[in-house]
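Protein chains: 2
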Amino acid sequence: MRILYHLPLSPFSRKIRLVLSEKRLPFELRVEKVWERRPEYLELNPAGTVPTLIEDHGLVVPDSGVIGEYLEEAYPDTPLLGATLAERIEVRRLVAWFDGKFAAEVTRNLVGEKHMKRLLGRGNPDAGALRTGYTAIKHHLEYVGWLSETRRWLAGASISLADFAAAAHFSALDYIGDVDWTVAPAAKDWYARMKSRPSFRGVLADRVPGVIPPEHYADLDF
Amino acid sequence: MRILYHLPLSPFSRKIRLVLSEKRLPFELRVEKVWERRPEYLELNPAGTVPTLIEDHGLVVPDSGVIGEYLEEAYPDTPLLGATLAERIEVRRLVAWFDGKFAAEVTRNLVGEKHMKRLLGRGNPDAGALRTGYTAIKHHLEYVGWLSETRRWLAGASISLADFAAAAHFSALDYIGDVDWTVAPAAKDWYARMKSRPSFRGVLADRVPGVIPPEHYADLDF
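Residue numbers (the numbering used here), protein chains in the order written: chain V, 101 to 322; chain U, 101 to 322.
Just chain V, with the same shape it has in the complex (with noise of 0.2 Å):
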């Protein structure tokens, strides 16, 4: 079976549960303590990041940005990144923006100093890192409502990895409450959509221990 080691809120393994599922690929999910640098895991990926995907032939395929790419070019039947050059242009730059500008912005000020601090007994959220990322996060729901409302999906036409990766980080967001969608009514829109999709339960079903996420995390009709 496919092994996709990862954590629960890391918004980049989200990402690629997502794109798994989407794309019909059975997996089997290993939690993976990245901050314990386990040996094992370093061989797989010297990054020591998550997620890291083990296909069941022993193909090792660490980072969830070559993981992408990786699954598109190994299983194109259900395609995620455009089809020209144009499109594809476009769900690449929304890719890298949501996994290196948002994640930046947002979800490292929030779940990083929220959730990730806590669980490795680094203390008390930085006040400062939370402003930066509550003023970050209006900032780009506004900037998903725009592209919501100007195209069906966000890089265009058609669903694609942009729409997983910026997905991928709102329910880890929205896991610990920090959404305030009410801010963008197209954007909140964009996300029921998403949300509906058979693809997205695993992640909805997840529950972190000692974290309840707020009622309306898994309700479709938010």
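Derived by calculation from the structure, the hints in this document are not laboratory data.
As the list makes no split between identical chains, a pair holds if one copy fits it or if it spans any two.
List time: in silico DSS-like cross-link candidates among lysine-lysine, alpha-carbon distance up to 30 Å: (1) Lys238 to Lys288; (2) Lys217 to Lys238; (3) Lys201 to Lys214.
Position chain U against the provided structure of chain V, taking the given hints into account.
Just chain U now, with coordinates in the frame of chain V:
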């Protein structure tokens, strides 16, 4: 003419300059002072980063990761991503390594603190950041040395985007005199091979106002 918006010491820009030259695609450089957040530039690349590539026919390609994938798809004649799935995983893993991990641990702490901070008038380099950067670059030099000893090029038998990503970072650090090549002779041999490629000439000819590179910077027998 194809245009590349860049900054001279940006390793992400340098990577794309090298790849364009390697693929024999002529281009014109335009310096983009990203900190000015020029509205016309933000239209092209909402993330406001360099590089951004503008094709003759007007196609806009932002973000060095996106440009790297785009150039491979649009101009496959000089392939730089590998042929098999396994090769492509390793090339992309190392590109992510240098543009993610190395950039955060080394380039940001050294080029960021010593060059960018001064350029932006944001005060003196932070001593802790410099220490972190100098410690990290040693480990990375050893890793590059180990890769070079076990493979012809960093990701395998053929030169690839991984070599250009790595060389782009090292060249920016070498410009400010921060690479101690004695740490890993095999890494030095690899970099000498990279420097002697015709595609490297433009990068070695760069001069940044107010920053004089060490004598060995452009020397092919350093």
